[in-house]
Amino acid sequence: MRPSFSLSLSLAISVLAAVAHAELVFESPELVVKPKLGEKVVTAEFKFKNTGAAPVTITRVHSGCGCTVPEKPPEPVAPGASASIPVTYKPGDRQGLQSQQIEIETADGKVQQLHLSIDLPVRINFSPRLLLFRGADQTERTAVITFGDEGKSELLEVDVRSQDFALVGTPALENRELKLTFRHVGAADADARASVRIRSKDSAGGEHTDILYLRHSP
Amino acid sequence: MKESAPALRRPSLLKITALFLAAPVAPALLTAWLHPRSPDWSALRAEALVPAPERLGLAEIRSRWPQALWVDARAADAFEKAHVPGAVLLNEDDWEKGFSAVVDAWEEKRGIVVYCGGENCRASEAVARRLRHELGSERVFVLAGGWDAWRAGEGRGP
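Top line first, the protein sequences correspond to chains A and B.
The numbering of the first sequence is the working numbering, which starts it at 1 and goes up by one.
The numbering of the second sequence is the working numbering, which starts it at 1001 and goes up by one.
Same shape as in the complex, but just chain A (with noise of 0.2 angstroms):
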C-alpha cells in the first residue's frame, strides 16, 4: 500500500467517523437578553441543529440556579433536524447584569456548555442601606438612594415612624438622587431600631416599598 493511498484511507475513516458521531450546533451557544423593569420572567431559546449522521437525545439540561429552567426536547433530534433548548429566567430581586451557565448533556455522553446573560434594569440603589448610629454621638448619617429608571421614577412617600430618629431636611428625588439624612435623637444608653419606608412609582406605573434600616446601639 502507498503512504499517499493509506493517508487518504484513514482520512477517510476519520472524517466518516466524525459525521457518524453526534453534532449539535447551536445558533449561538452565548445569549444577551435586555428585559423591561418589572418583568418577572424572562424567556430565551438556544437553537441548534444536529449536523451528525445519528440522532441526538439530549438526556440532562442543568443550570447552577433555581432562577433558570433550561427544558430539554422531549424527542431525540433526528440527522439534518433543528431543535431549541427553551429557558426560563425569574430574576425575583436581583439587579444588573447576570450571567448563568447552562449544561447541556447527549446520550452519548457528550456535555456542552450554554451562556445566558442577562442584563436586568438596576431599579433602586442604595448607599448604604442600614445606618449605624453609636451612643451620644449625634453626628448626621446620609444614605443616598438612586433611582435607575432612566430617571423616570417617582418619589411617593418617605415614612418615618420613629422617636429615636429625626430625618434632617425635606426628602426631595433630584437627579435621580434621593438623599435621606438622619439624626439619633433618643437616649444615648439604648437600643434602637427603626425602618423608614421609601414608596415610590415607576415608569410602568409600578409602585414599590422599599425600606431603609436605623439601629442605634449604646
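Everything labelled a hint here was simulated from the structure, so no lab data went into it.
Be a bit skeptical, because a hint or two may be false.
[Unchecked claim] Think about it this way: if two alpha-carbon atoms lie no more than 25 angstroms apart in a straight line, the pair counts; the simulated BS3-like pairs of lysine-lysine are:
id	chain 1	residue 1	chain 2	residue 2
1	A	K179	B	K1097
2	A	K90	B	K1081
3	A	K36	B	K1097
4	B	K1097	B	K1109
5	A	K152	A	K201
Go by the hints and put chain B onto chain A.
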C-alpha cells in the same frame, strides 16, 4: 559646499503607542455620553466600586470569626432541608425578606460568612458583594467550597 537637508525626526515608539491608545478615547466618551441607549451609569457606579468579597476556608473562619453570622445564599428548598446552625436565608430570589432578617440578626462587630452549594456556585459571591454594599461593611466573606465544605468539616469543632 552643499548644505545637507535637516533630518526628519522620527517620533519615538512611546509617543506612537500613546497616540494609538489615546485616539479612541474621545469618540468612546462621546458615544457613552450622547448615545440614546447609553447605560444608566449613575445607578451602576456605587455597586461597581465594591471590591470582591474575600474567600475564606472553614478553618480560617473558625479561628478569625468564631461568632460569625452565617448567611445561606442557596435556594429556599435547599435551606429548608439543612443549613449551618443559626444561618439566615438570603438570596436574590427574595432579597427584601432575607435582608431584613440579616439586619435583625447582625451585630456590627460580627463578621458575616456567606455560602452557597459548593465550589462552583456563584450565588454566595453575588450575595456577599451586595451585602457589603448595602450594609456598608467590609466584614462580609465567602466560604470557599460552600455547603459541601461545611459538611466535610462539620463536627470537627473550632
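Violations among the numbered hints = No numbers; nothing is violated.
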